[in-house]
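Protein chains: 2
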Amino acid sequence: MASHKIRVIQFGLGPIGQSCIRTMLSKDFAIDLVGAIDIDPDKVGHDVSDILGLEKPIGVVISPDAAKTLADTRPDIVVHTTTSFLDRMYDQLMLCARAGVNVISSTEELSYPFDRYPELARELDAVARENVVSILGTGVNPGYAMDALALMATGVCTEVFKIEVNRVVDAGLRRLPLQLKVGARLSVDEFNEKKAAGTLGHIGLVESVRLVADGLGWPLDRIDEQLEPVVSDRQVVTPYLTVEEGQVAGIHHSAKGYIGDNCVLDLDLKMYVGAEEPRDAVLVTGDPPMDLVVRGGIFGDTATVATLINGIPSVLNATPGLKTVKDVPVLRAFGTKWMREAVGV
Amino acid sequence: MASHKIRVIQFGLGPIGQSCIRTMLSKDFAIDLVGAIDIDPDKVGHDVSDILGLEKPIGVVISPDAAKTLADTRPDIVVHTTTSFLDRMYDQLMLCARAGVNVISSTEELSYPFDRYPELARELDAVARENVVSILGTGVNPGYAMDALALMATGVCTEVFKIEVNRVVDAGLRRLPLQLKVGARLSVDEFNEKKAAGTLGHIGLVESVRLVADGLGWPLDRIDEQLEPVVSDRQVVTPYLTVEEGQVAGIHHSAKGYIGDNCVLDLDLKMYVGAEEPRDAVLVTGDPPMDLVVRGGIFGDTATVATLINGIPSVLNATPGLKTVKDVPVLRAFGTKWMREAVGV
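Just so you know, the protein sequences line up as chains E and Z, in that order.
Quick note on numbering: the first sequence equals residues 1090 to 1434 in the numbering used here.
Quick note on numbering: the second sequence equals residues 1090 to 1434 in the numbering used here.
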């Protein structure tokens, strides 16, 4: 079956990229990791196994030279996890596309780039088509919890008036960088300073609003975005830190889409340590109404990696161009234990 | 915008077909009903408005001649709602495909025809490709609640061991034919006689199992199907009938897919009058686990129609051939009130 394996380069070996590699190595009957790209001097030149703490070398050495790695290995697809911001990684995407290589990326701003970067999006789409490759930005959020799942919920409705999405994440169960990212342990003043500097908050909420609106053909007149601290009403202890009563526990971030005076899309995200009743809920006011909830919520650290790896077959099968998650088939697990059974290895 | 409307023929004007027409007429800025086909002598020759009880004729006369209607109207797509069984409507599909017309159909057995009718499925796919059209079987169940939604739930998992789907429908809230179809008011003996005659039970459960397994690349060794009566433990009164204590209230129908001795897919459907806590639940044992539930359940009468109409754009955009819901983009509402706003009519 070796000839049917999907040849993948991992582009970006931060925590998410490393998790992607671990997941791909566990699916080695279906996926062949053929290259790894990162510019971090501490990683360049090392076998991937050194960075992941594996026992044996896997024969893939981390290179800072993306063009050379692409040319040398001729992969089917790049799994791309370098930054949240499209303008910072645009060149990386263009390099892949020009090399004739498909891309699936965790870049939040790529999940729906047409409004924030209309020009870059147009160019990416054109170059992807020219080179007969597909490019998709995805992840758990944006990419699934607050957009694709919301669209899917409306699929059984003949009429839809409003969609409310509530994602509540207990940051205390996540890794330390996420706890710090949501401002845990800050004072309210410190939170507001960081907020003013633009270094707090979830990236991609507005992208999710635009993605859902586009999927439904809804002409939004405006989007209101709000970011507030969640202040802890008690002491909360996580494995990494302690939030005292009165300190910031995390963020309450919302984006509302309006048509005229009507709030038609209401995306509400709370990520804080000690969050009660974590969940992903989609409430559709329509005919019939839909009240969908993922009880306990979707565990983001694993789910982001899952969407990137599970999305690989969709990207490979997609028509050429710059895609969003509304353009590709229903995401489903790829390369599971029972699939391995089918392949018989 | 007239030139951008989708030209549709409704093929089959039973209750579901009539609901499809009502829904399409409510979306007349996006959809143009150009023909109607039915062989019922009570319907043939009548304007569609007569059958639907509309005030004014809409200028579409019901014809029993499918070939002529297809040739005369040159539609983009046929919305097909004539029977649950593929072998009974195969000719109708072939006629549409040979006329170069796409089809979206409520035929339960079409939702995953490759095992029950491998030969017919192969021919349909070949003829569809030859004529550059797409054919899709869908609906709320099969097509969404117990298969597409289950696949979607696994999209955020890096590993999946087992999927359990529970659909509980209060048949007392549905129309009379459905209440009778699930055996409400029968004695247990009568239920078992009808069961032996094969005239009871939900159609498409095995198709859902096969669809999910195929979507995940899981090689099932066998499927166990079971149909039992739900016996009422009290008197239940619906707008149409009364079920006494000890009478049959409805069906408990299950299909389990196995790999070796492992039950990896467990689809469980209860449809009975007086059902408590109606819901559509998907439980994924995996990493991360997923516990997704549609509280109150998905209202089937409306939802079936919604999947057919909402699926139209997907079928029109699909590559040619015989498709299943796992092959087309995430289903989402089409032609809603706010979309009408965008079109400006």
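You may find that some hints are simply not true.
Calculated cross-link-like contacts (lysine-lysine; reagent style BS3-like; alpha-carbon spacing at most 27 Å) [to be verified]:
1) Lys1094(Z) with Lys1251(E)
2) Lys1251(E) with Lys1283(E)
3) Lys1251(Z) with Lys1132(Z)
4) Lys1270(Z) with Lys1251(Z)
5) Lys1426(E) with Lys1345(Z)
6) Lys1094(Z) with Lys1415(E)
7) Lys1270(E) with Lys1284(E)
8) Lys1426(Z) with Lys1345(Z)
9) Lys1426(E) with Lys1283(Z)
10) Lys1251(E) with Lys1426(Z)
11) Lys1415(E) with Lys1415(Z)
12) Lys1345(E) with Lys1426(Z)
13) Lys1284(E) with Lys1345(E)
14) Lys1270(Z) with Lys1345(Z)
15) Lys1426(Z) with Lys1094(E)
16) Lys1251(Z) with Lys1157(Z)
17) Lys1270(Z) with Lys1094(E)
18) Lys1094(Z) with Lys1345(Z)
19) Lys1251(E) with Lys1415(E)
20) Lys1345(E) with Lys1270(E)
21) Lys1345(E) with Lys1251(E)
22) Lys1094(E) with Lys1426(E)
23) Lys1426(E) with Lys1345(E)
24) Lys1415(Z) with Lys1426(E)
25) Lys1270(E) with Lys1251(E)
26) Lys1283(E) with Lys1270(E)
27) Lys1283(Z) with Lys1415(E)
Please keep in mind that the hints were generated in silico from the structure rather than gathered at the bench.
*Holds or violated: Lys1415(E) with Lys1415(Z), Cα cutoff 27 Å?*
holds (13 Å)
*asked:* Can you confirm whether the C-alpha distance between Lys1415(Z) and Lys1426(E) stays at or below 27 Å?
replied: holds (20 Å)
*Below or equal to 27 Å on CA atoms is what counts here, so check Lys1426(E) against Lys1283(Z).*
Violated. Lys1426(E) to Lys1283(Z) sits at ~40 Å, over the 27 Å cutoff.
*Hint consistency between Lys1270(Z) and Lys1094(E) [alpha-carbon to alpha-carbon, up to 27 Å]*: Distance ~47 Å between Lys1270(Z) and Lys1094(E) Cα, so the pair is violated.
*With a cut-off of 27 Å on the C-alpha distance, tell me whether Lys1094(E) and Lys1426(E) pass.*
It holds: about 16 Å lies between the C-alpha atoms, which stays within 27 Å.
*Are the Cα atoms of Lys1251(E) and Lys1426(Z) separated by 27 Å or less?*
holds (11 Å)
_Given pair status - Lys1251(E), Lys1270(E), alpha carbons within 27 Å_ = violated (31 Å)
_Between the alpha carbons of Lys1251(E) and Lys1283(E), is the straight-line distance 27 Å or under?_
Since the Cα atoms of Lys1251(E) and Lys1283(E) sit roughly 33 Å apart, the hinted pair is violated (cutoff 27 Å).
*Quickly compare the C-alpha distance for Lys1283(Z) and Lys1415(E) to 27 Å and report which way the hint goes.*
With a Cα-Cα distance of about 44 Å, the restraint between Lys1283(Z) and Lys1415(E) is violated, given a limit of 27 Å.
*Lys1426(Z) and Lys1345(Z): Cα distance at most 27 Å?*
Distance ~40 Å between Lys1426(Z) and Lys1345(Z) Cα, so the pair is violated.
*Mind checking the alpha carbons of Lys1094(Z) and Lys1345(Z) for me, to see if they're no more than 27 Å apart?*
violated (43 Å)
*Given the hint that Lys1426(Z) pairs with Lys1094(E), does the C-alpha gap stay at or below 27 Å?*
violated (46 Å)
In the structure shown, a violation is registered for the earlier hints numbered 2, 3, 4, 8, 9, 15, 16, 17, 18, 23, 25 and 27, in ascending order.
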